[in-house]
Amino acid sequence: MRTFIARRLLGAIPLVLGIATLIFFVVNLAPGDPTARFLNPNTSPEAQEQVRVNLGLDQPLPIRYVRWLGALAKGDLGDSFSHNRPVVDIIQELLPNTLLLSFSAIGLAFILGILLGILQAVRQYSLLDSIASMVGLFFYSMPSFWLALMMVLLFSYGANVWDWPIQFPASDVQDIEYAFFSPVEKVQDRLMHLTLPATSLALVLAAGIARFTRASMLDVIRQDFIRTARAKGLSEPVVIFRHALRNALIPVITLVGLYLPFLFSGTVFIETVFAWPGMGKLVVDSILERDYPVVMGGTLVFAVMVVVGNLVSDVLYAVVDPRIRHD
Amino acid sequence: MTDRRRVILSALLPGFPQLAAGRWGGGGLSLTVWLAFVGLLLTRWARFAAGWGGPLDHKIASLTVVAGLIGAWGWSLYDVSNPGGVKQSGVSQWSLAARAFRKNRIAVAGVLVVVWVYLIALVTPLIAPHDPAAQASLLTARMVGPGGEFVLGTDDLARDVLSRILYGARISLSIGFVAVGISVTIGTLVGAVSGYLGGWVDTVLMRFVDMVISFPRLVLLISLSALFDTNSILMITVVLGFTQWPGTARVVRGDVLSLREREFIEASRALGFSRRRIILRHVIPNVLSSVIVVATLAIGNVIVLEAGLSFLGLGLLPPTPSWGSMVAGGRDQLLGAWWMSTFPGLAIVLTVVAFNLAGEGLRDALDPRLRT
Numbered sequence: 001m002r003t004f005i006a007r008r009l010l011g012a013i014p015l016v017l018g019i020a021t022l023i024f025f026v027v028n029l030a031p032g033d034p035t036a037r038f039l040n041p042n043t044s045p046e047a048q049e050q051v052r053v054n055l056g057l058d059q060p061l062p063i064r065y066v067r068w069l070g071a072l073a074k075g076d077l078g079d080s081f082s083h084n085r086p087v088v089d090i091i092q093e094l095l096p097n098t099l100l101l102s103f104s105a106i107g108l109a110f111i112l113g114i115l116l117g118i119l120q121a122v123r124q125y126s127l128l129d130s131i132a133s134m135v136g137l138f139f140y141s142m143p144s145f146w147l148a149l150m151m152v153l154l155f156s157y158g159a160n161v162w163d164w165p166i167q168f169p170a171s172d173v174q175d176i177e178y179a180f181f182s183p184v185e186k187v188q189d190r191l192m193h194l195t196l197p198a199t200s201l202a203l204v205l206a207a208g209i210a211r212f213t214r215a216s217m218l219d220v221i222r223q224d225f226i227r228t229a230r231a232k233g234l235s236e237p238v239v240i241f242r243h244a245l246r247n248a249l250i251p252v253i254t255l256v257g258l259y260l261p262f263l264f265s266g267t268v269f270i271e272t273v274f275a276w277p278g279m280g281k282l283v284v285d286s287i288l289e290r291d292y293p294v295v296m297g298g299t300l301v302f303a304v305m306v307v308v309g310n311l312v313s314d315v316l317y318a319v320v321d322p323r324i325r326h327d
Numbered sequence: 001m002t003d004r005r006r007v008i009l010s011a012l013l014p015g016f017p018q019l020a021a022g023r024w025g026g027g028g029l030s031l032t033v034w035l036a037f038v039g040l041l042l043t044r045w046a047r048f049a050a051g052w053g054g055p056l057d058h059k060i061a062s063l064t065v066v067a068g069l070i071g072a073w074g075w076s077l078y079d080v081s082n083p084g085g086v087k088q089s090g091v092s093q094w095s096l097a098a099r100a101f102r103k104n105r106i107a108v109a110g111v112l113v114v115v116w117v118y119l120i121a122l123v124t125p126l127i128a129p130h131d132p133a134a135q136a137s138l139l140t141a142r143m144v145g146p147g148g149e150f151v152l153g154t155d156d157l158a159r160d161v162l163s164r165i166l167y168g169a170r171i172s173l174s175i176g177f178v179a180v181g182i183s184v185t186i187g188t189l190v191g192a193v194s195g196y197l198g199g200w201v202d203t204v205l206m207r208f209v210d211m212v213i214s215f216p217r218l219v220l221l222i223s224l225s226a227l228f229d230t231n232s233i234l235m236i237t238v239v240l241g242f243t244q245w246p247g248t249a250r251v252v253r254g255d256v257l258s259l260r261e262r263e264f265i266e267a268s269r270a271l272g273f274s275r276r277r278i279i280l281r282h283v284i285p286n287v288l289s290s291v292i293v294v295a296t297l298a299i300g301n302v303i304v305l306e307a308g309l310s311f312l313g314l315g316l317l318p319p320t321p322s323w324g325s326m327v328a329g330g331r332d333q334l335l336g337a338w339w340m341s342t343f344p345g346l347a348i349v350l351t352v353v354a355f356n357l358a359g360e361g362l363r364d365a366l367d368p369r370l371r372t
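Chains as they are written, first to last, in the numbering used here: chain A, 1 to 327; chain B, 1 to 372.
Please note that the accuracy of each hint is not assured.
What the hints assert, rightly or not - What follows is a list of derived Cβ distance ranges for each label pair:
id, chain 1, residue 1, chain 2, residue 2, range
1, B, 9, A, 246, 35 to 43 Å
2, A, 160, B, 146, 35 to 43 Å
3, A, 124, B, 263, 34 to 42 Å
4, A, 225, B, 332, 36 to 44 Å
5, B, 367, A, 237, 28 to 36 Å
What the hints contain is simulated information worked out from the structure, not anything from laboratory work. Here the structure is a predicted model, which means the values were calculated and not measured. Note that CB positions come from ideal geometry on N, CA and C, so glycine has one too.
Work out the full structure, taking the sequences as your base and the hints as a guide.
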């Protein structure tokens with residue numbers, strides 16, 4: 001087991017290095033001038049040159065690449081052009097928000113998806129099964145930003161207009177008066193702000209997870225050991241949850257790794273719609289401002305999270321299914 | 001029903017005899033096309049006639065109507081007068097798949113919707129109630145609710161939402177089609193070469209694919225699109241096409257790995273064919289069924305991605321009526337005009353659902369292991 005993990009870790013290093021290289025060249029070779037934001041037509045050529053020197057853009061590309069990699073190895077992502085702060089500081093500030101959003105979304109998605117998948121598999125071809133499949137397909141085909149807008153429309157604006165008992169806030173991670181709240185109110189406020197973004201992100205993912213769980217569950221239910229379990233008189237819940245589910249969930253674990261890129265793509269939209277101060281919004285804003293260090297740093301953090309997530313799901317898979325450890 | 005009566009019936013209502021016989025894929029399509037296009041000719045005759053001298057899209061629209069009518073009519077008559085026509089051909093893998101596909105009613109419905117979305121996109125200049133860019137009076141017709149003169153309401157610039165959705169369909173569908181064409185071509189070639197040659201070529205190509213897939217796709221797309229100014233339809237199509245191929249490459253490579261060991265490939269190697277010939281003439285035709293499935297499912301995906309980019313302001317810009325930018329425009333008016341972002345979003349969902357249904361039906365039909 002230990003060698004398996006070590007081998008996977010070693011394999012991830014060149015992958016991350018390759019991704020870093022790809023990011024650097026995609027961002028730096030693209031047309032567009034990052035100094036344009038500091039200049040206007042009246043700026044003298046000397047001042048223009050000075051800005052380029054200050055930002056380190058006067059050096060040739062290979063030298064910048066080696067410098068960037070060298071700094072990266074020391075955990076330094078450079079300074080932001082527009083925020084005048086180290087990129088690492090900005091990321092440290094915003095990453096927790098993104099992690100909170102994505103972890104609650106993926107947790108919710110797996111709980112919802114697995115439960116629905118089990119229900120559909122147990123009642124295969126029933127009315128419930130076909131309705132759930134159809135509704136699932138709709139959510140699966142939905143652009144997450146549109147779903148998010150519709151959630152805001154219904155549960156935030158609509159709830160306000162129609163005087164529903166619960167009205168969810170439509171933006172930011174916490175209330176403006178957060179600092180004056182009591183601890184209980186603080187937790188409550190955070191949850192309220194988290195509900196809509198996390199749900200809209202989770203629903204799209206849950207639809208896919210439900211289909212996968214249903215298929216995997218149906219595979220398992222048809223096997224002999226389930227018939228044996230039923231034959232020896234175990235109750236149906238015990239058969240389903242203790243015997244079938246354990247085996248059905250093994251392939252579902254691989255979905256964690258597969259869905260991470262989708263999850264992070266989703267956070268970009270969700271953070272934009274809900275004005276959620278996180279990494280996705282940071283990267284989008286920085287691209288528009290041509291703030292190269294932030295773009296490179298933010299993208300790299302996303303990519304590393306995907307690689308680590310894949311690693312974790314591979315290892316988890318190996319833990320629960322000993323058959324695949326040795327190939 | 002005698003044959004004569006069936007022929008007369010199908011001349012009057014093409015598709016009806018087939019529909020009555022329970023073949024509602026072809027029957028339903030030709031009947032709906034016939035009825036809708038005849039209705040269109042009756043209500044929009046002036047526009048149809050003017051179309052021949054108008055701009056290109058107008059000409060295409062009029063041409064589509066004529067072609068649709070002739071197609072529906074001709075197919076139905078031919079089908080009724082040759083009842084045994086289908087069975088004369090041999091039982092190839094493709095006709096087996098077609099038979100399995102026809103049994104899957106939901107998938108057939110998906111294909112019907114897809115075909116109809118394309119038809120609507122083609123005849124849009126004839127049916128759109130308003131010009132998508134024309135503004136009605138800003139005083140009286142700004143953000144008017146659905147119903148009345150503007151069926152789906154007007155936006156904050158007093159433009160008709162329905163007309164903009166109709167014109168947006170053309171853009172979304174063309175981008176989806178062309179981008180998937182690009183990505184599927186690259187993906188198939190890379191996957192086939194990588195799987196067939198193996199060795200270091202395979203290692204290098206697949207490492208690269210792993211790298212691109214580990215990127216959150218949207219972040220990659222956003223960087224590319226912002227940096228390359230994808231505000232034109234051409235650029236956004238190219239960027240989408242060139243970033244979506246790794247998925248196809250992986251699927252194709254998997255297929256080719258098992259294909260490579262089969263006897264007929266060995267035989268062509270023994271005959272001394274060049275590697276290029278084996279890959280292009282023997283390997284690729286045998287992975288086409290997976291490629292078709294991947295492509296159908298990818299179109300829906302690309303449509304959502306394009307809408308997403310336009311939503312973030314990185315794709316097509318106003319006044320181009322793109323579904324994504326319409327949803328984005330409605331975002332600022334969510335409280336005052338909910339219809340502005342709701343209906344374009346519904347158009348996206350409907351189209352993508354149809355493509356996904358069709359793609360899944362194709363997958364079930366083309367995979368002999370799933371066929372019952």
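What hint numbers does the structure not satisfy?
The structure breaks hints 1, 2 and 4; every other hint is satisfied.
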